[in-house]
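Asks: Fit chain B to the known structure of chain A by using the hints.
Number of protein chains: 2
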Amino acid sequence: MTDQPLWFTEEFDAGGSAFSVKIRERLHNEQTEYQHIEIYATEKFGNLMVIDGCYMLTARENFIYHEMMSHPALFMHPSPENVVIIGGGDCGTLREVLKHGRVTHALQVEIDERVTRLAEEFFPELCVSNHDPRAGFLFGDGIAWMKEAAPGSEDIVIVDSTDPVGPAVGLFTEAFYRDCHNVLGEHGILVQQSESPIYNMDIINSMHKEMRAAGFADVQTLFFPQPCYPSGWWSATMAGKYSLEGRFRAADAADKSFATRYYNAAIHTAALTPPEFFKQALE
Amino acid sequence: MTDQPLWFTEEFDAGGSAFSVKIRERLHNEQTEYQHIEIYATEKFGNLMVIDGCYMLTARENFIYHEMMSHPALFMHPSPENVVIIGGGDCGTLREVLKHGRVTHALQVEIDERVTRLAEEFFPELCVSNHDPRAGFLFGDGIAWMKEAAPGSEDIVIVDSTDPVGPAVGLFTEAFYRDCHNVLGEHGILVQQSESPIYNMDIINSMHKEMRAAGFADVQTLFFPQPCYPSGWWSATMAGKYSLEGRFRAADAADKSFATRYYNAAIHTAALTPPEFFKQALE
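These protein sequences, in sequence, are chains A and B.
According to numbering that gives the first Met the number 0, the residues represented by the first sequence are 0 to 282, in order.
According to numbering that gives the first Met the number 0, the residues represented by the second sequence are 0 to 282, in order.
Extracted from the complex, chain A is given alone in its bound form:
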């Protein structure tokens, strides 16, 4: 080690910016069948997983993303029993979903098994519920799975994927959303990570449009901070088969039986509040 600190840096083309974290060492480096995965030990963010040069998660602040990908949708469904997670190989979203006592089965459909194996090794805190009898794991193509799953069989679909480039492109299309719509039951809700509100309004607009075109009656975007992602500000977009208005089980969220670090009943409503420019930019 020299006196010079080592950094991991991701450049965000859409933003003309870059975010770096100080690292101690690279713990793992692997080219899988699907992608390039690296694990770093950082100075202040705990372990860091990088896929194809992009931040996936850090031990320090993934709690925001994982809580916001799961609890808002689950607290807007009257009885979320069957949940499928497309992607989400680090198991952090699965852990949050399984905190809900109403969930009877949560299936994680991750294309790259190595993501899950590396999470078990380097992010064991995210994998504490992997042996829950309600948890299911399938390592395969989420797009193909969604085409073949039984109609009306799921209450919640969570798309916890990488950015809409490479293997994840097919997860941001009307065709995929149609399959999600078909697989969801009557009160079904789809929620998908939807990039940075300040850098990627084009993607968010396109998602709203294609989710509606696929038959969803109501589409709403959630906003939350996520320091290691481009701009430090992130979003998830929810699509409901029926209107999402008045669907929030606020009393259940306020009385929830499990701990969270970012989400709470008031944050639920706050996160669904669009800033002025977003309302104007939404086509």
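Since the hints were derived computationally from the structure, they do not count as laboratory data.
Using N, Cα and C, we set each Cβ at its ideal position, and we do this for glycine too.
Hints are not guaranteed to be accurate.
Below 25 Å or equal to it, Euclidean Cα-Cα: the simulated SDA-like pairs (lysine to any residue) are [unchecked claim]:
no.	chain 1	residue 1	chain 2	residue 2
1	A	LYS208	A	GLU244
2	A	LYS208	A	THR236
3	A	LYS43	A	ARG59
4	A	LYS240	A	SER78
5	A	LYS278	B	ALA249
6	A	LYS255	B	GLU275
7	B	LYS98	A	GLU275
8	B	LYS21	A	THR161
9	B	LYS278	B	ALA216
10	B	LYS278	B	GLY165
11	A	LYS278	A	LYS255
12	A	LYS98	B	ARG260
13	A	LYS21	B	ALA134
14	A	LYS21	A	ASP162
15	A	LYS208	B	ARG260
16	A	LYS278	B	TYR198
17	A	LYS21	B	TYR198
18	B	LYS255	A	ARG133
19	A	LYS21	B	GLY15
20	B	LYS21	A	TYR198
If you want the footprint, here are the derived chain B segments under chain A, 3+ residues with CB under 8 Å [to be verified]:
no.	region
21	42-56
22	228-234
23	261-269
Replies: Quick look at chain B alone, frame taken from chain A:
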């Protein structure tokens, strides 16, 4: 110019992280009596002002910070007529304050006149209200000004300063907050930028404690994104001489006669919602 892009980078010690923006050229470089000021033309953030190596503002996204430093406090005061801004030399906060028709006088007390002169040159859009007859400018020490101002003479004090190091340290003390309390009228509100909720909980806790010790009855923190600041997530902390509960003029905010890009009546309430970890970390 080579093919290699040029970057401006600020390292955030408390976070073990760094944020960079792609730059075209440095437009200005000056050591003033108080600090080192640089202006850059960036690829995607418009002009950038850097003070002592730290991001002050970019043309692209300063609107979030400036709106959140002004509108929440002004819409919580029954009749904000006299406003003083300590710091804020770029005039962006002043511009937002003067959008409120009830304001009769807004005084900007900036220690370094060069900040304002450079804002006029490189951020003219922030200075469009500098010739408003209600605007006042005083280039001098905000701490000394607050000690000498007439008791009860201001409705709102906005502390729009650099980080609590160097010349701004004195703005984060009980002694300064006591002077603010004295200068504020009956319904007076102090609002101050209060760093990153995820990197600087120590500073936010200390501000809450010292504002209360200085006599303020209620202290509340506002949360908002700010991509160029450490972690991309920022805060401002408000202190009221009386309880801030029920003070929001929501109907006035919903009917506001001026345009904003981030703030709106719903964002007001959303921004005041503390995430779970914040509630627990607040001592």
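Asks: Take the hints in turn and mark each one as holding or not.
Replies: We went through each hint and held it up to the structure:
no.: 1; hint: LYS208(A) / GLU244(A); in the structure: holds (19 Å)
no.: 2; hint: LYS208(A) / THR236(A); in the structure: holds (12 Å)
no.: 3; hint: LYS43(A) / ARG59(A); in the structure: holds (8 Å)
no.: 4; hint: LYS240(A) / SER78(A); in the structure: holds (15 Å)
no.: 5; hint: LYS278(A) / ALA249(B); in the structure: holds (19 Å)
no.: 6; hint: LYS255(A) / GLU275(B); in the structure: holds (13 Å)
no.: 7; hint: LYS98(B) / GLU275(A); in the structure: holds (16 Å)
no.: 8; hint: LYS21(B) / THR161(A); in the structure: holds (24 Å)
no.: 9; hint: LYS278(B) / ALA216(B); in the structure: holds (18 Å)
no.: 10; hint: LYS278(B) / GLY165(B); in the structure: violated (30 Å)
no.: 11; hint: LYS278(A) / LYS255(A); in the structure: violated (31 Å)
no.: 12; hint: LYS98(A) / ARG260(B); in the structure: violated (37 Å)
no.: 13; hint: LYS21(A) / ALA134(B); in the structure: violated (44 Å)
no.: 14; hint: LYS21(A) / ASP162(A); in the structure: holds (23 Å)
no.: 15; hint: LYS208(A) / ARG260(B); in the structure: holds (23 Å)
no.: 16; hint: LYS278(A) / TYR198(B); in the structure: violated (30 Å)
no.: 17; hint: LYS21(A) / TYR198(B); in the structure: holds (14 Å)
no.: 18; hint: LYS255(B) / ARG133(A); in the structure: violated (51 Å)
no.: 19; hint: LYS21(A) / GLY15(B); in the structure: holds (5 Å)
no.: 20; hint: LYS21(B) / TYR198(A); in the structure: holds (15 Å)
no.: 21; hint: 42-56; in the structure: holds (count 3)
no.: 22; hint: 228-234; in the structure: holds (count 3)
no.: 23; hint: 261-269; in the structure: holds (count 7)
Hint compliance for this structure: hints 10, 11, 12, 13, 16, 18 are not met, and every other hint is.
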